[in-house]
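Below are the chains, spelled out letter by letter.
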Amino acid sequence: MNGYNFAYLDEQTKRMVRRALLKAVAVPGHQVPFGSREMPLPYGWGTGGIQVTASILGPDDVLKVIDQGADDTTNAVSIRRFFARTAGVATTTRTVEASVIQSRHRIPETALREGQIVVYQVPLPEPLARLEPSRAAAREMHAMADYGLMHVKLYEDIARLGHVSISFDYPVMVNGRYLMAPSPIPAFDNPKLDMSPALHLFGAGREKRIYAVPPYTEVRSLAFDDHPFRLIRAPHACALCGARTSYLDEIVTDDQGGRMFVCSDTDYCAEQRGKRTAA
Amino acid sequence: MSPDPLLSAPLLSARGLSVRLGRVAALDGVDVDLWPGEVLAVVGESGSGKTTLLNTLFGTQCPDRGVVRYRDPDGRVHDVHRMSRPMLRTLHRSDWGFVYQEPRQALRMAVSAGGNVGERLMAPGINSAGARHYGRIREAAIAWLREVEIDPTRIDDLPRTFSGGMLQRLQIARTLVTHPRLVFMDEPTGGLDVSVQARLLDLIRTLVARLRIAVVLVTHDIAVARLLADRMLVMQAGRVVETGLTDQVLDDPQEPYTQLLVSSVLLA
Numbered sequence: 001m002n003g004y005n006f007a008y009l010d011e012q013t014k015r016m017v018r019r020a021l022l023k024a025v026a027v028p029g030h031q032v033p034f035g036s037r038e039m040p041l042p043y044g045w046g047t048g049g050i051q052v053t054a055s056i057l058g059p060d061d062v063l064k065v066i067d068q069g070a071d072d073t074t075n076a077v078s079i080r081r082f083f084a085r086t087a088g089v090a091t092t093t094r095t096v097e098a099s100v101i102q103s104r105h106r107i108p109e110t111a112l113r114e115g116q117i118v119v120y121q122v123p124l125p126e127p128l129a130r131l132e133p134s135r136a137a138a139r140e141m142h143a144m145a146d147y148g149l150m151h152v153k154l155y156e157d158i159a160r161l162g163h164v165s166i167s168f169d170y171p172v173m174v175n176g177r178y179l180m181a182p183s184p185i186p187a188f189d190n191p192k193l194d195m196s197p198a199l200h201l202f203g204a205g206r207e208k209r210i211y212a213v214p215p216y217t218e219v220r221s222l223a224f225d226d227h228p229f230r231l232i233r234a235p236h237a238c239a240l241c242g243a244r245t246s247y248l249d250e251i252v253t254d255d256q257g258g259r260m261f262v263c264s265d266t267d268y269c270a271e272q273r274g275k276r277t278a279a
Numbered sequence: 001m002s003p004d005p006l007l008s009a010p011l012l013s014a015r016g017l018s019v020r021l022g023r024v025a026a027l028d029g030v031d032v033d034l035w036p037g038e039v040l041a042v043v044g045e046s047g048s049g050k051t052t053l054l055n056t057l058f059g060t061q062c063p064d065r066g067v068v069r070y071r072d073p074d075g076r077v078h079d080v081h082r083m084s085r086p087m088l089r090t091l092h093r094s095d096w097g098f099v100y101q102e103p104r105q106a107l108r109m110a111v112s113a114g115g116n117v118g119e120r121l122m123a124p125g126i127n128s129a130g131a132r133h134y135g136r137i138r139e140a141a142i143a144w145l146r147e148v149e150i151d152p153t154r155i156d157d158l159p160r161t162f163s164g165g166m167l168q169r170l171q172i173a174r175t176l177v178t179h180p181r182l183v184f185m186d187e188p189t190g191g192l193d194v195s196v197q198a199r200l201l202d203l204i205r206t207l208v209a210r211l212r213i214a215v216v217l218v219t220h221d222i223a224v225a226r227l228l229a230d231r232m233l234v235m236q237a238g239r240v241v242e243t244g245l246t247d248q249v250l251d252d253p254q255e256p257y258t259q260l261l262v263s264s265v266l267l268a
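Residue numbers (the working numbering), protein chains in the order written: chain A, 1 to 279; chain B, 1 to 268.
Worth double-checking, as some hints may not be accurate.
[Unchecked claim] What follows is a set of in silico ranges between Cβ atoms, one per label pair, in the way DEER data are often shown:
hint, chain 1, residue 1, chain 2, residue 2, range
1, A, Pro33, B, Leu245, 29 to 35 Å
2, A, Ala129, B, His179, 47 to 53 Å
3, A, Val62, B, Glu139, 44 to 50 Å
4, B, Asp151, A, Leu161, 21 to 27 Å
5, A, His163, B, Val67, 18 to 24 Å
6, B, Gly47, A, Leu231, 38 to 44 Å
7, B, His220, A, Pro42, 36 to 42 Å
8, A, Asp225, B, Gly191, 35 to 41 Å
9, B, Glu102, A, Pro133, 55 to 61 Å
10, B, Val67, A, Gly162, 39 to 45 Å
[Claimed, not checked] Restricting the straight-line Cα-Cα distance to at most 20 Å, the calculated cross-link-like pairs of lysine to any residue (SDA-like) are:
hint, chain 1, residue 1, chain 2, residue 2
11, A, Lys275, A, Gln256
12, A, Lys153, B, Asp193
13, A, Lys153, B, Val148
14, A, Lys192, A, Arg244
These are computed hints drawn from the structure, not numbers from a lab.
This structure is a prediction, so every number in the text was calculated from the model and none was measured.
Ideal placement from N, C-alpha and C gives every residue a C-beta, glycine not left out.
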């Protein structure tokens with residue numbers, strides 16, 4: 001595209017972002033500040049993720065973009081087209097074919113492999129934000145690995161509701177050192193981060209933070225010994241492909257109380273349906 | 001039988017503490033020794049340096065001159081102001097405690113009573129079994145609420161539904177849950193009405209005696225000092241003017257300033 005650098009961002013900005021990325025990979029789970037740029041979309045739509053993707057994209061990469069697990073939602077379509085036009089890279093909706101996957105809310109159901117990079121759009125990078133209003137105090141807690149407060153929050157949930165009520169952005173300990181907000185992915189996806197062969201990069205545009213989970217890093221969801229972390233999944237099979245292990249969306253179909261549960265990962269669902277017709 | 005070296009050596013020992021706040025000498029060459037299980041009252045009028053002394057001993061105020069040494073449970077001696085911050089932080093939440101005059105300063109008002117009491121147990125570096133065990137944290141919280149005479153059925157209530165006296169007792173439970181050997185108290189009964197004060201003093205005295213906790217107690221209330229303290233330290237303008245056993249200082253004050261303080265107490 002004329003008048004723009006490859007993948008929209010200028011090379012100096014990309015270098016700055018890459019430096020932050022290298023540091024983030026070197027210190028897993030630690031939030032690295034970076035000079036977030038104005039992007040041609042509003043904060044909250046994925047400015048952090050887009051800057052990370054723009055900085056790591058090469059001409060040979062194959063890009064997949066998902067939003068709420070789906071490849072065909074507005075944001076996913078726009079961001080995919082944005083990079084198709086500004087970088088001229090190949091795009092795909094298939095998880096297995098992609099080398100870079102920019103995501104919001106989900107980690108694909110299909111197992112990731114070595115060499116793949118998942119880029120997350122993060123609204124709130126600070127896991128302690130809701131508990132400790134002072135940013136400086138929160139940073140001190142990170143520096144001293146002092147995360148008792150997060151356990152107080154879990155304690156409160158169990159005391160009031162009998163279980164931990166966090167269903168998304170469930171806090172994790174990365175490499176036994178840093179508490180990390182895994183972005184608004186469902187708690188269901190947390191175990192996919194643990195010892196994952198892929199590289200996971202998190203970009204928060206408005207908050208100007210980048211953090212990372214390198215391949216094969218231990219990622220543990222916080223819990224109590226007697227209240228272990230449990231996966232929460234709607235107890236149904238996908239109405240389209242029949243999958244019983246995937247994460248489901250509930251879709252209201254009419255105003256008579258009709259509803260259906262379908263895979264939130266559209267690519268995975270299509271693949272399962274393909275297998276069924278082939279069989 | 002040879003005496004226990006831990007009991008014959010001071011738990012906390014400060015030498016030559018001096019702190020200047022602007023042009024004012026808040027502390028001027030203060031020495032303090034505190035033995036295990038001993039309650040030391042620091043009395044004096046407002047502005048005499050009591051709170052500065054407390055904060056300096058606690059490690060949150062850095063002295064211009066002087067040193068504060070602390071003996072840990074293994075008998076090692078640490079310079080409080082040279083400890084690394086994570087170490088000091090851990091110390092503040094395990095072997096030491098601080099009871100503020102205003103309980104809202106220490107408590108988390110949006111967290112239930114049980115969560116408040118359990119917080120120190122969930123903090124890192126508190127090496128007790130079951131630190132990450134919900135059931136055991138809850139058991140400890142219930143036991144401590146009983147200990148400070150709060151109805152255990154209120155364990156899930158928010159502190160804002162508690163009265164002033166209950167809040168102060170909750171703060172004490174929250175502080176003592178890790179069995180500290182040394183607790184700093186800054187006017188713990190200030191701002192409470194007289195009957196609540198009496199009950200709280202009684203509770204503090206019972207707990208401190210039974211658990212053998214050493215206490216540095218800052219107060220301007222001579223009656224509180226007489227009731228709780230073994231030893232007393234009278235401060236005026238940043239200096240210690242008189243020190244000795246509580247009864248001795250109060251019944252036979254030597255310094256003019258102490259005589260003034262003692263004679264100013266209103267008798268009911």
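Results for each hint:
1. Checked against the hint of 29 to 35 Å, the pair proline 33 of chain A and leucine 245 of chain B fails, with Cβ atoms roughly 57 Å apart.
2. Roughly 33 Å separates the CB atoms of alanine 129 of chain A and histidine 179 of chain B, a value that falls outside the hinted 47 to 53 Å.
3. For valine 62 of chain A and glutamate 139 of chain B, the Cβ-Cβ distance of about 55 Å falls outside the hinted range of 44 to 50 Å, so the restraint is violated.
4. For aspartate 151 of chain B and leucine 161 of chain A, the Cβ-Cβ distance of about 22 Å falls inside the hinted range of 21 to 27 Å, so the restraint holds.
5. Range check, histidine 163 of chain A to valine 67 of chain B: about 50 Å between beta-carbon atoms, so the 18 to 24 Å window is missed.
6. Remark: the range hint 38 to 44 Å for glycine 47 of chain B to leucine 231 of chain A is contradicted by a beta-carbon distance near 60 Å.
7. In this structure, histidine 220 of chain B and proline 42 of chain A break the distance hint of 36 to 42 Å, their C-beta atoms being roughly 58 Å apart.
8. For the pair aspartate 225 of chain A and glycine 191 of chain B, the beta carbons lie near 40 Å from each other, so the given range of 35 to 41 Å is met.
9. Taking 55 to 61 Å as the suggested C-beta distance range, the pair glutamate 102 of chain B and proline 133 of chain A does not conform, at roughly 19 Å.
10. The hinted window of 39 to 45 Å between valine 67 of chain B and glycine 162 of chain A is violated, with their beta carbons roughly 51 Å apart.
11. Note on lysine 275 of chain A and glutamine 256 of chain A: the hinted pairing is violated, with a Cα-Cα distance of about 33 Å set against a maximum of 20 Å.
12. In summary, the hint linking lysine 153 of chain A to aspartate 193 of chain B is not supported, as the alpha carbons are separated by about 34 Å, beyond the 20 Å threshold.
13. Only pairs whose Cα atoms come within 20 Å are accepted, and lysine 153 of chain A paired with valine 148 of chain B is rejected, the gap being roughly 24 Å.
14. For the hint pairing lysine 192 of chain A with arginine 244 of chain A, the CA-to-CA distance comes to about 17 Å; that is within 20 Å, so the pair holds.
In this structure, the earlier hints numbered 1, 2, 3, 5, 6, 7, 9, 10, 11, 12, 13 are contradicted, and the remaining ones agree with it.
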